[in-house]
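*Asks:* Chain by chain, the residues:
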Amino acid sequence: MTQSLLHQILDYTNRANPYPIYEELRKTPVHHEGDGPYVISTYHEIRSLLHDPRISSDARNLASQATDPLPETSQEEGALPPGFLKLDPPEHDRLRRMTNRPFGPPHSPHRVDGMRGELHDIVTGLIDGIGDPGRIDLVEQFSYPFPVTVICRLLGVPREDEARFHTWADTLAASLDPDPDADPAERGKGAHDARMQLGMYLAGLIEERRKNPGDDMLSQLATAKGEDGPMTTMELLSTAALLLIAGHETTVNLITNGMLTLLRHPDVLQRLREDPRLAVPLVEELLRFEPPVQLVPQRTTLADIEVRGVTIPKGASLWLVLASGNRDPQRFDDPNRFDPDRPDIQHLGLGSGIHSCFGAPLARLETQLALSELARRLENPRLLEDPPPYRQNAVLRGPRHLHITCDGIRPR
Amino acid sequence: MPGDGSLEQLRREGRIVVVGASLAGLRAAETLREKGFAGTLTMIGDEPHEPYDRPPLSKQVLLGKAAADRTALPRSRAVDATWRLGVPATGLDMAARRVRLADGDEVPYDRLLIATGVRARPWPREAEAELDGVFVLRTREDSAALARRLAAGPKRVLVIGAGFTGSEIASACRERGLPVTVAERGAAPLVGALGGVVGAVAAEMQREHGVDLRCGVMVTALEGDASGRVRAAHLSDGSTVETDVVIVSLGAFRNTEWLAGSGLGAGPRGIACDAGCRAFDIRGIVTDDIYAAGDVARCPHPLFGYQFLSLEHWGNAVTQAGVAAHNMLSESTDRIPHMEVPAFWSSQFGVNIKSVGVPSMGTEILISQGSLKDHRFTGVYGYQGRVIGAVSFDHARWLPFYQELIETTAPFPPPFTTVDRRPDGQRPLDADFPDPSVPTHGPTVTLSGYSPADRRMTFTPAH
Amino acid sequence: MVRIAVDLNRCQGYAQCAFLAPEIFAMHGEEALLYNPDADEAQREKLAQAAAACPVQAILVDAVDAPAEAVSGAR
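Residue numbers (this note's numbering), protein chains in the order written: chain A, 1 to 412; chain B, 1 to 463; chain C, 1 to 75.
No lab work stands behind these hints, which were simulated from the structure alone.
Wrong hints could be hidden among the right ones.
[What the hints assert, rightly or not] Subject to a maximum C-alpha distance of 25 Å in a straight line, what follows is the list of computed BS3-like cross-link-like pairs (lysine-lysine):
(1) A:K225 / A:K211
(2) C:K46 / B:K65
(3) B:K373 / A:K225
My request is simple: use the sequences and hints to build the entire structure.
*Replies:* In structure tokens, the structure reads:
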């Protein structure tokens with residue numbers, strides 16, 4: 001073996017198909033090389049660790065930063081404090097509860113459901129605007145602009161500012177990725193600057209929303225006074241940054257992965273065209289088959305814990321490879337088959353436990369709608385290249401471009 | 001008699017009778033069909049309704065958010081059964097393999113599943129129980145009548161017994177803005193199921209929501225007016241509560257009287273079965289054609305020293321139904337045991353309470369995450385140095401971890417720290433369960449007897 | 001009408017159902033779920049979305065091919 005399994009995961013040449021590496025990884029469900037992280041790759045172990053209160057999401061509990069090949073953006077001084085994604089209870093619970101207030105039940109039960117019409121209009125507009133059906137970059141023309149537009153409207157971020165935060169968001173997403181060729185210090189600085197600039201941008205916006213509140217989430221978060229009191233300004237900034245970035249990076253990949261998977265399974269695409277209701281189970285299977293977050297790299301142990309006979313010491317860094325657990329034959333029959341009719345699908349695609357995806361219901365609706373409308377309206381779509389070029393990122397994995405062609409666009 | 005084709009014949013053209021047409025009975029019937037049983041299936045139920053779900057009856061229905069007659073259980077498949085509804089079973093002839101019905105009919109069987117469940121324990125003084133405005137809550141009719149009365153806006157509701165059902169009723173009443181008094185014989189609500197440490201939190205929740213909670217008292221008498229309507233209750237501390245609606249929530253009786261004299265090992269504590277849900281006869285010998293499932297069954301549990309557990313839990317009914325149905329159609333070596341860790345839930349005063357294992361066996365409790373004060377926490381129960389149960393208040397996502405500790409008989413107190421450990425959780429506390437010889441309302445798990453070979457089991461004498 | 005039951009032992013309060021089909025499912029506090037056990041046929045599509053999205057697959061919905069067949073007192 002010329003390259004460790006860990007580096008094979010990170011190696012860009014494996015980006016289009018990391019699944020054989022995961023299969024290799026699952027032979028040692030708790031994989032540990034040198035002073036690297038403990039990599040967990042089997043379904044039941046991942047699931048149980050996601051519900052294990054001895055596991056912390058707070059990087060301050062890591063024994064040493066040096067053992068993790070992923071740079072820890074939350075350790076930077078001066079920029080925003082970590083969002084609730086990187087906090088433990090009770091701070092995590094309090095911030096997530098407050099963030100949920102203007103977003104979901106019990107306080108805002110109709111927010112997401114009420115966006116159905118708006119989502120449909122955005123999708124329709126984007127498909128109408130495709131132009132030349134002979135060569136479409138689905139990422140540029142659809143998968144990216146759709147969720148970005150949605151998260152901007154939801155948060156109350158002006159759509160015309162998208163170009164500005166797009167750069168910061170890209171930099172921050174890239175900082176999650178352990179590119180072996182990049183200089184970590186350089187990248188850490190890039191991420192630091194991006195967080196700083198995003199923070200300043202959001203601070204201005206929040207100030208504006210405090211003066212003229214709308215019914216967007218930012219206004220409500222900035223003015224809310226629930227049982228937990230108001231958020232501090234720093235909490236508000238880091239929460240807003242988290243929502244803005246997490247709110248679209250992952251959904252872009254989910255939609256693109258979805259279309260790519262459908263184009264590789266024309267029978268399923270045909271079924272979806274005939275019955276848009278298939279989108280519902282299909283998206284769940286997609287979250288299993290090609291999850292947009294491949295692994296959770298930022299967990300650590302608060303005690304020595306034993307997993308499958310291996311003692312993981314206190315303070316160790318853990319990687320939970322969700323995408324591998326989703327292909328574990330111990331849990332899913334014939335796991336490498338894409339099967340939207342799969343029964344009892346409890347995938348790990350949106351995580352599990354207290355940190356499970358905050359925006360999950362929105363991501364589900366967006367992807368269901370995107371895929372069923374693309375299936376309905378694109379005439380005879382085909383891939384122009386397979387595999388497509390991927391982004392560098394091994395964690396938030398997805399195509400950089402998805403070039404397709406079709407015979408025409410059906411009317412609405 | 002493996003290998004002689006009798007099982008094959010049973011599957012093809014046998015007669016299976018299910019007594020009890022509620023959750024366990026229905027799920028068993030569905031499982032039988034799913035596993036290929038092609039013979040005749042008869043469902044016998046004393047209530048004149050198709051199988052319905054009971055948990056909503058003390059929650060959504062009392063809040064006016066669902067109708068009592070619309071909680072029928074969803075069907076996973078057609079069961080193609082003959083339904084004898086509204087006709088209680090009155091007797092069992094084990095030798096002739098026949099079930100006797102109240103209308104005089106007799107139904108023959110090759111395999112029998114008993115899932116007759118429990119019924120609400122009524123107010124012990126019959127004349128007082130007959131007063132208008134005195135309710136129990138178990139059936140669809142109970143719930144419909146109570147919901148109607150609550151919607152009419154009574155002056156004050158009195159709930160007798162602060163177990164789970166009583167507490168849920170009190171919660172629904174407060175949410176409807178009705179004045180409520182709760183009278184509990186124990187030191188706190190839920191004390192029988194969860195102990196005094198957690199009971200104190202339940203008491204705090206009730207009082208914060210405006211319940212007039214009175215613990216350590218008994219209701220000694222209910223008083224009616226001239227027209228036969230309840231008007232007041234007298235308490236053991238000498239006080240009187242003026243009330244026009246009284247809900248008696250004092251637990252349940254197991255529906256086993258119809259088996260008296262049959263020779264089956266059935267009594268007030270339920271029907272004793274083996275881990276595969278096969279019922280014992282009164283000699284302590286297991287039958288091979290009679291099974292029991294759900295609230296009425298008592299099964300030895302390997303995780304709890306093979307003690308016989310009776311579990312009035314929704315999940316237990318579903319699991320045992322599946323186990324019994326599978327085993328009825330299987331050779332002895334293919335049978336499966338009932339080993340699921342007990343689990344239940346309750347929601348009251350806006351808090352989701354869940355538990356796994358058998359907290360009431362615990363002698364100590366450690367608040368491992370969160371805080372009692374916030375009403376958001378997990379508590380782990382210890383018994384003889386191992387983890388035996390766990391409870392969560394709005395912390396359900398952590399519970400699978402504690403279930404694993406129970407399943408692996410992990411040591412207590414757990415020798416590790418967790419996220420969100422507070423001063424509450426620095427050391428174990430006395431779990432503070434009431435003296436088992438003093439009856440309390442509503443522990444949902446009871447322990448009785450020891451091993452299947454234990455001949456000291458007591459049964460209701462036949463009359 | 002469509003009959004519904006939720007296995008609340010499995011439910012961990014992820015609230016996906018309450019987001020996607022708020023006419024049928026509602027959170028009561030942070031974690032407790034209340035639902036209408038008998039939804040309107042017109043809600044079947046949203047109900048399917050809610051059931052599919054449940055991360056612990058706790059929502060039981062009438063199978064379309066399982067008719068109500070209970071007949072009181074029939075032999």
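*Asks:* Checking one constraint from the list: CA of K373 (chain B) to CA of K225 (chain A), max 25 Å. Satisfied?
*Replies:* Since the Cα atoms of K373 (chain B) and K225 (chain A) sit roughly 21 Å apart, the hinted pair holds (cutoff 25 Å).
*Asks:* Straight-line Cα separation of K225 (chain A) and K211 (chain A) no greater than 25 Å?
*Replies:* holds (16 Å)
*Asks:* Is K46 (chain C) close enough to K65 (chain B), meaning Cα to Cα at most 25 Å?
*Replies:* Roughly 19 Å between the alpha carbons, so the hint for K46 (chain C) and K65 (chain B) holds.
Comparing the model with each numbered hint stated earlier shows that all of them hold.
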